[in-house]
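Got chain X; can you put chain B on it based on the hints?
Protein sequences appear in the order of chains X and B. So for the first sequence, this note's numbering puts the first residue at 1; every next one is plus one. So for the second sequence, this note's numbering puts the first residue at 1; every next one is plus one.
Everything labelled a hint here was simulated from the structure, so no lab data went into it. Don't take every hint at face value.
Residues from chain B shown here face chain X by an in silico Cβ test under 10 Å; the list is partial [said to hold, decoys possible]: (1) GLN319; (2) TYR419; (3) PRO456; (4) ILE457; (5) GLY461; (6) LEU521; (7) GLY522; (8) LEU523; (9) ALA527; (10) ILE530; (11) MET532; (12) TRP533; (13) GLN535; (14) PRO756; (15) ILE762; (16) GLU763.
Derived PhoX-like pairs: lysine-lysine, alpha-carbon spacing no greater than 25 Å straight-line [stated by the list, open to error]: (17) X:LYS221 x B:LYS638; (18) B:LYS414 x B:LYS328; (19) B:LYS638 x B:LYS179; (20) B:LYS37 x B:LYS106; (21) X:LYS282 x B:LYS459; (22) B:LYS339 x X:LYS221; (23) B:LYS179 x B:LYS439; (24) X:LYS381 x B:LYS770; (25) X:LYS79 x X:LYS256; (26) B:LYS708 x B:LYS638; (27) B:LYS480 x B:LYS459; (28) B:LYS504 x B:LYS459; (29) B:LYS275 x X:LYS381; (30) B:LYS638 x B:LYS53; (31) B:LYS708 x X:LYS586; (32) X:LYS221 x B:LYS480; (33) B:LYS288 x B:LYS302; (34) X:LYS380 x B:LYS711; (35) B:LYS288 x X:LYS380; (36) X:LYS382 x B:LYS770; (37) X:LYS282 x B:LYS302; (38) X:LYS221 x B:LYS317; (39) B:LYS380 x B:LYS480; (40) X:LYS5 x X:LYS79.
Just so we're clear, the structure is a prediction, and the values are computed from it rather than from any experiment. Heads up, the beta-carbon is just placed ideally off N, CA and C, and yes, glycines get one too.
Listed below are the residues making up each chain.
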Amino acid sequence: MPQYKAPLRDMRFVLYELMDGEAITTLPGFEDFTRDVTDPILDEAAKICEEVLFPLNRSGDEEGSVLENGIVRTPKGFKEAYKLFMEGGWTGIACDPQYGGMGLPNSVVTFVTEMICSSNLAFGMFPGLSHGAYVALKAYGSDELKDRYLPKLVDGTWAGTMCLTEPHCGTDLGLLRTSAVPADDGTYRISGTKIFISGGDQDLTENIIHLVLARLPGAPKGVGGISLFLVPKFLDDADGRPTIRNGNAPGSLEHKMGIKASPTCVMNFDGAKGWLVGEPNKGMRAMFAMMNDERLAVGIQGLGLGEVSYQNAVQYARDRLQGRSLTGAKHPEKNADPIIVHPDVRRMLLTARAYNEGCRALGAEVARALDHAERHPDPKKKAEAEDYVALMTPIVKALFTDLGFESTNLGVQVFGGHGFIREHGQEQYVRDGRIAMLYEGTNGIQALDLVGRKMPAHMGRYLRSFFHPVATFIETRQASPGRAEFIQPLAKAFQRLQQASAEVARRGLGNPDEAGAAATDYLRLFGLTALAYQWARMADIALDKVGGPEDSDRFYSAKVATARFFMERLLPQTGALLSTIMAGSKSIMAFEEAAF
Amino acid sequence: MGEIAKVAVIGAGVMGAGIAAQVANAGVPVVLLDIVKAGAEDRSAIAKGAIEKLLTTEPAAFMSKSAAKLVTPGNTEDDLGLLADCDLIIEAVVERLDIKQALYAKVEANRKPGSIVSSNTSTIPLATLIAGQPESFQRDFIITHFFNPPRYMRLLEIVTGDKTRADAGATAAKFADFKLGKSVVFCKDRPGFIANRLGVYWMQKAIVDAFDMGLEVEDADAIIGRPMGIPKTGVFGLADLVGIDLMPHVGASLFGALPPTDAIQTTNRDLPLIKKMIAEGYTGRKGKGGFYRVNRDKGKAKETLDLVTGEYRPTRKAQVDAISEAGKSLAALLTHDSKHGKYARSVLVATLVYAAELIGDAVDEIDSIDESMRLGYNWKSGPFELIDQIGVDMLISLAEADGFTIPPILAAAKGKTFYRVEDGRTQMFCADGTYRDLKRADGVIMLADIKRASKPILKNGSAALWDIGDGVTCFEFTSKMNSLDPDSLTLLSKAIDTTAKNYKAMVVYNEGSNFSVGANLGLALFAANIAMWSQIEMLCAAGQATYKSLKYAPFPVVGAPAGMALGGGCEILLHCHAVQAHAESYIGLVEVGVGLIPGWGGCKEMLGRWLTNPKRPGGPMPAISKVFEMISTAQVSKSAAEAREMLFLRPTDGITMNRYRLLADAKARALAMVETHKKPEPFTYQLPGPTTRVGLDAAVASFARMGKATKHDIVVSGALSEIMAGGDDADVTRPKTEDDLTNLERKAFMALVQHPDTIARIEHMLETNKPLRN
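Excised from the complex, chain X in its bound form (with noise of 0.2 Å):
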């Protein structure tokens, strides 16, 4: 039977000792959020993820959502999981107060999203994309519309969903046909088809609110004639209680490699009465203030099944006995030492290790980030903030997901052959994990997204914040005692980085093909250095408490461990890839096309 107990010790290290946690009650808005009422948040979440999430997470991949008589229906028992789940308010743990929700800062809320991914990602998706449509209507819609809107999204009595792509686009959403004609009463009419619409339609709440994006007549040609609309599934009756069918329908559901609990709906829209959400033809703009939330949400998915996963193969390698260790029997009072003993499966095990608690920190960091971005007072730091974030976004999203995503298969080779049967749960992490690469812009976009947006805006503006405080920790603590095992591996990645920044940068200016090809290299060695920022920072505090009295359930002992893991096995592959980098596009371009 799979496991999943949650790392509550990890996330408190994260969240107090490398972050200073409580500082955030100086931002304005976060005063209320002590420790003492955190923790007990964290403790809940925790109980509700393992007790009621995680137990229907094989049977809702077995079981599916499914499509009858123009209705879902999910898999047996979310109705109930999701009563309570919103009974608890965790619908609307990250949402503002004036709208009944709990105002966490997203520092505290990463740590909750990632034990649901762990616990349940088909489930996650529904408060998700709840939460992606709250934050697109609370910064564009209409006094009007918020009101009457946001309270149910955030109490979970509705649920909203994003519909952006048609069948002809995805990424390139300039090319969209969706309509929207004007009615005479200020409303419009939305006509189109949407697909891979996650919770299009669902059995678990009252109404849905899908956002939609589509086209005026005589908009502007491309992504600059795009406009955003609130449609509800129902419309009021005369009671004003949401009863009448509205112009759209879920036409079917897409078979799927994982995620099975999650109806990703083909969604029909056939005069279906809208409300604009912000100005005609801005529609991009309101859609990315979700996208970039969301971006960093896959990014914690990836982390949250990385997670879950390990812990199953770390229980499978210390109870599976088979054969002897390689320097002779560790456990010879049993008739085989448990292959935890091998070097091949400590590797993977420390593998996924290294990468989840480095991610969880590096998560932690931009969700403080973003607190800072939307709340910090000093107008500088402010700013600063919004640099590091959108910095930050695409590695988030597209290295979490990719560690995730090994991590997961690391824990299905952990487990031999029973990796590959179901009822083992170790198959469907690999799964479930895959769509995470894909969507919400996929992994090579992000990448495109860092080399192409993020790396030259304002000449490498948003790189500084980033670079400037790794280059002064180096600077501060090379000298320190004990220090250099961590520091120097970390001084050598980020030289390569700096190399790659600045060839990368020069390169792509003539030619942007050079960009173009280095740019998933390019992400993942900056995303392996900003993973061994956050290890050496780790290893520098944990390292005064090895051996002390904190130290006696050994989680300093094993994080600095873990830290030197990373450091010695894991950060080298930046060398392997600035070589890569620096070969540039050409044998990669030169290829005939009618060759491949």
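The following block gives chain B in isolation, referenced to the frame of chain X:
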């Protein structure tokens, strides 16, 4: 051919006064006369007032304040005697034949025999002007048509008549070329000559079509602008600039003077909205506003006139898909299937056909028309160059489809191009169907010609080294804006080695619009943003080392700037053995604007120059203060003459008035230095050390108290004062070497470049092109 040693200008309006100033800029004495103002106590008040005004106009009319002393004011009643020793008398009075002719009689009575008389008329034919004048006057009379402002516009149209003596035009042209720096185009005696005739046609056509085809003002300017190599003011922006009221004026005289069959008549249309604008004082920038305006009632909101409603609305960005979709292809823009494509085609095809119609009428050769539009209207390419871009055959087919009769020269060029390169020489197509070499004026050397005919000795992405003959090399910056980057320095270093081995002398010169705007700030900022401090320090050190090896090169190096030479571009000049500068050279060490100090030896060289300046005795302190002030306030010379006063140029450095003659002059100077070239003696610096710093810092602090220096100014000035003082361990008994000074520069530079406020300044400069006052 006679020399022109003294000039008179009669008429002290904007044009006349401006012409007089430019004559004075050339170092030639000039008499400026105007009428006696009724009731004025001072009978020369108008001319004197004009000189006063010249001293304050922006952009400056005089290249140095001292040039104003060469202008002698007077009036046309008492001072005609002053004409007696003038070799050239330029009439620039109001465009009225009766007034001009009455004046000519007076001039004739007072001038010396053989002096040249010219009119600055823009519309009245020469034949009309000289009608009834004595034979002697007719022999000496020409038209010299300057463009406004006369100092800065390089075009001069000259018209000679049948009766003009053979050498009058040539003498005036030579004077205009060498002394006034003008590019002379000889025109036939036809109304509007070349530039204004074609320019008015083009503007009228573009405006009328914009009304007819329902274009937004911004879109029209975006189309009739950059894509065609025309300044971004386009047509409506240009109308605002020259004055909307002036257009019907110039138009009317052209329409009246040209025959009814001339194509220009088709653009003669009354536009009620424009009439209304003029009547209500909306005459452009000088009036209440024009097609664009800044609405001060709405917090300086930028507004644009709606051509349909006649009301102002908020200015918006041009929205022309045709431009982005056409890319760099002018042909694709003209054939773009959209309103905007049709507009581009309607205006440009008509304008280019009209340009071809002027061949044989206004002038015989195509390059005269191209030069006129380049220098008179600041087009990047002349009409025939534009036709080559589109393709002659393509233009013919477009024009035929639009119902134009194809002018003979265009028809003759079918299947050909108007310009071609044969054996490295540029040739132009002539009316007789043959190609002829494009001729430069005698003595002119253009690097563009050399580049066309030869291969570089050395080259990389940012610079090149050329053999310009007689054992002289030319080091050329080729990067964007001629900014300096590691590649520029690498090539300069190689160029020094190569020249030392195989050549006699080197000229540092290029034909960009600016000599160099200094170090590539974008690269520097990117490196700073990714904290590559060691790389930045290496670049700083490399610049110092390279410029040092330039200074101590075994052969003479002559710097030849034109336009801006800022920061690192100024510093390279400071390390040359001599400079031959174009008169319009804007030189300065502006690093503080981006929170830095000159780090490639600029502080060191300027300090050396001022410390050894014989005109400034009294110990080191005044010299140090002067250099400190110039660098800490980023002073830039507004001309080569001013650069000389600031010691960016030495007293012995030369100034060339004509841009086209700069390379030849620089090369000649370099060759003249070959025989006697010695490596310069290194400066030794006796600097007072910390006491100086205290003084300089106190001065900055008092500026800060007055609100004239910002927080970061104090930081930057502090870094500069340390260099000026020679470091904290300096005193007069322990002289410092040049290397000591550059080490101080580098140290200060590295401290500043890591400062967040400096990074903010660099970023702001790159993003807005304006300095950040933080």
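Item to complete: Compare the structure with the hints numbered earlier in the document and write down the numbers of the violated ones, lowest to highest.
Response: Hints 2, 3, 4, 17, 21, 29, 31, 32 and 35 are the ones this structure does not satisfy, whereas the remaining hints hold.
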